[in-house]
Each structure stands twice: as C-alpha cells, then as structure tokens.
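Colleague: Going line by line, the protein sequences match chains A and B.
With this note's numbering applied, the first sequence covers 802 to 1300.
With this note's numbering applied, the second sequence covers 802 to 1300.
There could be a bad hint or two in this list.
It does not matter which identical chain is used: a pair holds within one copy or between any two.
[To be verified] Once the Cα atoms are required to be at most 25 Å apart in a straight line, the calculated PhoX-like pairs of lysine-lysine come out as:
id	residue 1	residue 2
1	Lys-1180	Lys-1122
2	Lys-1122	Lys-1178
3	Lys-1025	Lys-1178
4	Lys-1122	Lys-1171
5	Lys-991	Lys-966
6	Lys-861	Lys-1218
7	Lys-874	Lys-1180
Hints in this document: simulated from the structure, not taken from any laboratory.
For clarity, every value in this text was computed on a predicted model and none was experimentally measured.
Protein chains: 2
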Amino acid sequence: MSRNKTVKKSSAAPGAAKATGKAQGKKSANGKLYAAILAGGIGSRFWPLSRETTPKQLLKVVGDESLLTSTIKRLSPLVPSDRVVIVTNAKQAEIIRMHLSGGDDKATSPGYVIEPAGRNTAAAIALAAFDLYRKDPEAVMAVLPADHVIEDGRPFRAALKAAVKAAADGHLVTFGIVPDRPETGYGYIKASVRQFIDIDGFGVRKVERFVEKPDIKRATQYLKQGGYYWNSGIFIWKAARILEEIKRYLPDTFASIERCATPEELAVAYDGIKDISIDHGILEKAKDVVVIPASFPWSDMGTWSSFGEILKPDSDGNIVKGRVVDIGSKNSVIFGSDRVVATIGLRDMIIVDTPDATLVCPRERAQEVKEVVGVLKKKGYIEHQEHRTVERPWGTYTVLENGDGYKIKKIRVEPGKRLSLQMHHYRSEHWVVIAGAARVQRGEEIVDIALNQSTYIPRGVRHRLENPWKVPLEIIEVQNGERVVEEDIVRFEDDFNRK
Amino acid sequence: MSRNKTVKKSSAAPGAAKATGKAQGKKSANGKLYAAILAGGIGSRFWPLSRETTPKQLLKVVGDESLLTSTIKRLSPLVPSDRVVIVTNAKQAEIIRMHLSGGDDKATSPGYVIEPAGRNTAAAIALAAFDLYRKDPEAVMAVLPADHVIEDGRPFRAALKAAVKAAADGHLVTFGIVPDRPETGYGYIKASVRQFIDIDGFGVRKVERFVEKPDIKRATQYLKQGGYYWNSGIFIWKAARILEEIKRYLPDTFASIERCATPEELAVAYDGIKDISIDHGILEKAKDVVVIPASFPWSDMGTWSSFGEILKPDSDGNIVKGRVVDIGSKNSVIFGSDRVVATIGLRDMIIVDTPDATLVCPRERAQEVKEVVGVLKKKGYIEHQEHRTVERPWGTYTVLENGDGYKIKKIRVEPGKRLSLQMHHYRSEHWVVIAGAARVQRGEEIVDIALNQSTYIPRGVRHRLENPWKVPLEIIEVQNGERVVEEDIVRFEDDFNRK
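Okay, chain A solo, but in the shape it has when bound:
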C-alpha cells in the first residue's frame, strides 16, 4: 500500500507546455488548489536536534506539532491532504510517512513525489508540477517549504486565497513578507512602485527583481525605502504555467523529466539535471511574476539564532528550555533536555543539549553548525544520523546503552499497536515489562507478560511484540549477540508495510 507518486507519463498530456499555452486566462479560474511541500533537506544547521532520521521539518520547534505537520494543517482548510504532495527523496519519504502516520489524524495523509536526488528547487518544482498537471491539467499549485514557522494560519490563508486568484489568471505569484526589521538573513523581492491589481484587499505588484541577502546597511535602506519584501520561498501558480516557463528557461530539465516513464529512468535523467533554484532558474527571467505582500509573522528558521524571531526572550534576552541553571547570561539561546545544563555569564551564545550531543557556539556563527555535521560524518560518528530515541509507527525506542556485544533499549508501544513479526540472525533478546503489559508471540506460542515479568527471545526465533491494551507498554530489551545492529531484522508481517 505505497502512496509514492513518481512521474507517470500521461498519454493525455504529451506536451504539457502546448496545453498550458491555451489554459491561460479567465477560463481556468476554477482550477483546484494543490500544494507541493518541499521537504528534501535535513536542515543540518539545526543539529543536534536535527538528524538524518529527524530532519528539521519533523522537529517540534513551536508547540506540539512538527513544522511539517503544521504546514499541512495550516493548508488544510483550503487544501485537503489528498491534494497535498510532499516532494522529497525515498529515504525521507519513508521517515515522513512514519512520522505522519503516528497520529490518528487522517487529515495528514498526503501523497509523495519522489526525487531520485536533491537538485535544488527548480527540479523539485518541475517534478511536482508534472505530477499535478498530469493528474489535473487545470491544477493551481502552491509551493511551500516544509520547515517554515507561520504561527497564525488565518492571515496566511487569506493571502493564499488572493494568490490563487492571481495564479488562476496566469500570474506567477510569490509571497513577499513585509519586513519589520533590517534582516540580513533573507533574500528580498523588489516590487514595482505602482500597485498592479487589488485582490481581496491585497495590493498585488509586479516583481522588479530578486535581491540576494543584503548587508545591514542595504537592509536598513530597503526597510526605509519600502517596496522590498522578504522572499518567503512560497509560490503559487498553475502547474501548466510553471511548466511552460520551465520549458522556456530550463528546457533540458523539462525534457529530462517529461520523457521519463519509470523511477529508474528518472534516476538516470536526474543525474544530469541542472542544480538551480526556481528563483535563479525561472523567476528572475520570467515575465508576469507578481508579489503578494503579506504581513503575518513568518520565519524560515534558518539557524538556531532564529528562535529569537519566534519565541519571546525573557528580560535578559535569553530563550531557555529544559533543566537549565543559569547565572547571569544574556541574549542567549539555551535549549536543554532532561540533562542539566549549567551556564554562567554567557553573551550571545547558543547552547543546545540533547541526550547524546551538545552544541556550544556564538549566535553569529550559527551558520557553521552545518560544518560540524560535516565533521561528524567524516569522523564516522553516528550522532548526525540518529537520536537516542527513534520514532517508529508503533511507538518509540530509546538506546540506553550500546556496548560490545550488547545493546540496551527502552521500547514503548502505543495502545493498539504492534511491531512486525520478525526474527534476528545474530542476537537474542531479553524483555522485561516496566509499564503496561505485553502480548508476545514467540515461535508458535502467544503469551501475555505483565508488569515485572520477563521473557526471552532466542536468536532465530520468530517473534512479535504487541500492546493490545489501552495504556502504553514499556519494556527494557537487553540484546546479546555477535552483531547488535538495526539491520539484523527479517520481517515476515508488518502493519506498516515495511520491508
């Protein structure tokens, strides 16, 4: 039951661009709105919270929901999740699907457009546009990064509605955030002085040009002068229209994707595809690019320092979470976990502590966290890949200790869930119940194990752990064996269709 949507060649649309040429104009104003959420990155500047298996868009940065879940929910009054596609690679799609399936909310069940590799936003958007166009030649698509923070959904949706109207008229619409400070961390969109059109009270303007991240002097000037907006990376257009522009300005990208009928062909074609952003590749050149100035609070959460934009600092300018003991720090971001973090007299620092790794760096060097992740990779450290606690569709597991020939895990199974029916070649497992109760299949036998009871799964024996009851089950698992690695698993049956 895979919901992966890769490119399928539709006989009904042999030349998308040709079709789109005609599709322009009032006639298409009723095109349905779809969303393509770009979720291919790891967001390694958010290490140690972000990991390969917990990319930034899955972090619960504000409140109880991940950035991705918030992005989907924010859209949902206008775009039901069956009209949402997530554009990402196969590995991340697996992780994201697991993440979204964890909740009981059926609203968060989008489709997937699988990129064989990361090739920047132009390629990702082209792939999504083909996918949507082939499903619905009249499709209007909103393109949104998965990892931005927009706390209030209502002004966002109001602007989106206006954007859809402009897009239905054939415009390529960008969202420009009205700046409230001379920010040097964002690119800007310079709009024409004269208003182009009024839609629902939004003064839509022609885009004059896209501006790279400015220095503080120029950013201050932009703010004073007006007509400059932060480039939010959110775009709205008809799928047919953007394909038309891609065919014009990136004809190789267009042709490479258009001719592929299978994921295998796409993987080969993608290899040669141009690595360029949609801004540079298309929008800076295309005519008819407009901006909708929007003034809702927005942050692209570029680095740890961005928390200052979305969380209110205390009277010393600090943003503090967790078991932190501080003496006299100022303007610092101090994120602890269950461990104690003690700080004294910090100035403009970032401290992020997780169960297996701690980051300490000045705010002004927060960009370099990405380089730390590079060093971790080179050193072969696993702390850039996985957290100690790993999400699974049935619950979570936490590695308490990883030793020579043994591994200790705490496993939590949510009510009504069960792990796959599985077997290990190289390890045996001792299970002790520390909360709730377990139903255990061991070979042919099925037994219920209560709190403070234990069982033993010898190497090579098929087994399954289940929590058929109403409270969470927690067990301690002691693995023994010559190899104690996640890869040593043979799945015979799985509620979550994992191999």
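Position chain B relative to chain A; hints supplied.
Modeller: What follows is chain B alone, placed relative to chain A:
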C-alpha cells in the same frame, strides 16, 4: 573493623601543651614523620566532575590516579600509609575508604581523623595534631591538602626532608612555591630578605607576613621584587609545637578538643569551635614561622581554569579531552565524555560535559561554578550529589535510566569480588548477564548464570551477586517496585563491612 580514629583522651598526655613546651630542641630530631591530609571538602568548583559522592580529591585530574591517591603515593617513600591520617567527615571517610580500597595496593591504607563538621583548617589541624601527639609525643607532622597537583614527587620530597629537619628544631615550616608568573589566584608568603638557615641546599627564611590574593599589579610587583612565594597550604611542624601555638592563640579550640573523650562529646564541642584558617588563626601571629622556598611545579587546582597550569594547551591554546568536534575555538578548556560536544568559535571558555550534566562558562567566571552547585541543591536536583556511574568497593554501577516505578542499572563486578548478601523491601530485580558470568545466591539456592542468561530476584528474597572468575562481570539490572531507591537495602553480610 573500623579504622576511624577519633579523639581518644590519653592519660599519658593530660596537658599536651605542657608536654610540648619541653619537647622543643635538638632532642626531638628523631621524631617520626606523620602526614595529616586535609580532605574535608567537595571541591564544588569542579562540578560537574566533582559531586558530593565524588569530591575533587577523588578525581583523576592528571593520569590514572585520583589526586588523593597521588598525594598519598607521593609521600610514601618518606611516610608509609600507616603513618598517614586523612582528616575528613564521616560521610566522606566512607567514600574515601571505598575509593582507596578499590585498588589492590595495600600501601594506600591510611587512618582517619573524623571531624563532626567542617570548621576550616585551624580546627582540622588541631584535631589531627592531638591525634598524632597522643600516638607519638615526638611526632613531626606534615599537613597537606588532598587535592593539589604536584606532578614530580622527587623535588617535593627533597623539600619535605629539609622541612622535617627545620620542624624537628621546633620551627613552624611552610612551603612557599617560587612563582613563575604574576598569579592572582593564590595567597603569598613574604619572606625575610636575609636567609635564616641553609638545610640541604634549601635557603630557609623567616616569614615576615602572609599576603591575601593580590591584584595583577601587585602580583607583578611581587614577582619582580622577589621574596614572595605562593602559599601552598603545606605545613610541617611537630604536633607538640603546633598544639602549643593553638593553646596560645586559639585557647578555646584547644580546650574544646582536649576535653573530649568520645565522638559524641566532640560533636557537641565542635559546634562552638571557631571557623578560622590556620594561617589567620595561628601562623600570622606565631613567632618562628619559616618558609622553605620550593620550585617544583604545583597547582592547587582552584577552578577549571587551572587546567591551563598543569596540562599543555594545543597551538590554539585549547585543552581538549573526549569526543569533541571543534571549529576555530581558542584558549578554551573543553572536556567531553562519551557524548559528542561540538564547539564553534569559543574564546576563553570552559565546557565540561559529563553523562548527566554540562557546564558552559567563561574562564574568568570559573569561581562561580560553586554557586551553580548551590542552585542545584536548592532546586533539589540530584546532579550535585552523584554521578550516573557510582564507585563501589566491588566495582561500579551506572544508572542507565531512572523512571517512575523502575530503574535500569549496568552493574560491573570486578574479578573475585561480590556484593553484600542483601534484601529489598520494595523492589524486585531482573538480571541479564552481558559480559562474563555471575554466581547468584537467591534464597538458599546458588546458581551460575552465563552470558545471555538471566535470573529474577523477587522482592523480599535474600540474594547476592558474585564474580568468582578472572574476567569482569557485567549485568543489566531492571528494578521494578513502588520505591526504587538505594536506601531500600538490608545487608546481612558484607565483605566491606558496610551497614
């Protein structure tokens, strides 16, 4: 088999001071050398490495031995351990005894002088002097802090030999370290310009005065001027001589201690004893105080910043230990553990990471770590009391997780050792062997449990864990119960005489 030495009133010495008056002079040159090691403090400036149960003197700051073990071993060619007493409180004596008994080296088995409370160095030294004087009226005693770093023992012992000769002649001898930098972290001893006497090539001088920690200007002046030495806190004198001075300048302290025959009486008497250092209380007033200038490398390891004095920084001025990933830091102390610590662009910072707590502070504020410990206490956090890994005479245990109604421990039992025969009222225990093999007494039954085997100890059942073999035993213990606290233990038999 307690080796605690508290004050016993010796009928042979009803008035120590009277006796000591006569003991002065050449006649006593053959007095045996004893050592009183002051080990009452926690060294909370070294949190998170130091804890209540792992005071600073038990840390392995340099090399593989604790500061205390090094202090004892450094003395041993001149002072065998049966002539060493450790002055500390009862709780720490227990911890220190456990620490010293861990090794097989019988040389490190000192006696103990138990203080009922901490009352600064004058009281501690008075108590030790009474103890030694009553054992040996001719005793020469060296007083040494337990937590100083002196890497080469030979020049130290050469100076000590000279000091003993001066002490035998009735002088109150201090060790002054010849300064090699304008240090503002130490008190100074100002010596008389004229050499007083030459002993074994050491130019012993009269002390003119004791100087409090100077500012940098005065410290620079002292260094230039000469005749100023760092006050090492190491003193050598006849027990009788210092008692004589204590009787003169702190008569209440003298009388309070002299009249006590039992630990209970001492506890009451100590309550009213003056909280004053030996420097302020005696040495600044007494005549005949001399200094032996010594030039061996020495550090009192006052704060984390002191590591710069004893470990060689790398070319960026950093002192780095553990799994640290650094980008461009300078002049910083970065001590990691098994966890990853990533640092970017630090300047003059201290980062100390332990499995359950992390400290981040500028070097110049290292003194304030003590205040952090105060806050932890006030908040009721346990991270100032214990490490996750706790030393026991039979090995160690590490708390892997401490949850609601359960606790997970990794227990390591050294070859040939066993835990006490014990019982718990409130918890049962599951044991799984992950290394070596265990001999388990469970009720009346004794069974051997091999690698990857497990056993279960129900609540209320007497049990004992033993490692009679030649390789270390490691087990995972899962405790379940309504109370999972260390205090829930009834000991029936113990190889280490614990209650």
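Colleague: With reference to the structure, classify each hint as holding or not holding.
Modeller: Hint check results:
1. For a Cα distance limit of 25 Å, the shortest separation of Lys-1180 from Lys-1122 across copies, 16 Å, qualifies, whereas the shortest one inside one copy, 30 Å, does not.
2. Proximity of Lys-1122 and Lys-1178 under a CA criterion of 25 Å is satisfied inter-copy only: 20 Å between copies versus 28 Å inside one chain copy.
3. Taking the shortest alpha-carbon separations for Lys-1025 and Lys-1178, neither the intra-copy value of 44 Å nor the inter-copy value of 52 Å comes in at or below 25 Å.
4. In this assembly of identical chains, the alpha carbons of Lys-1122 and Lys-1171 lie at most 25 Å apart whether taken from the same copy (22 Å) or from different copies (22 Å).
5. With identical chains, the CA atoms of Lys-991 and Lys-966 are at most 25 Å apart within one copy only, with a shortest distance of 22 Å there and 87 Å across copies.
6. When the C-alpha separation of Lys-861 and Lys-1218 is checked against a cutoff of 25 Å, the pair qualifies only within one copy, where the shortest distance is 23 Å, while the shortest distance between copies is 48 Å.
7. Taking identical chains as interchangeable, the C-alpha atoms of Lys-874 and Lys-1180 are never at most 25 Å apart, the minima being 39 Å within one chain and 39 Å between chains.
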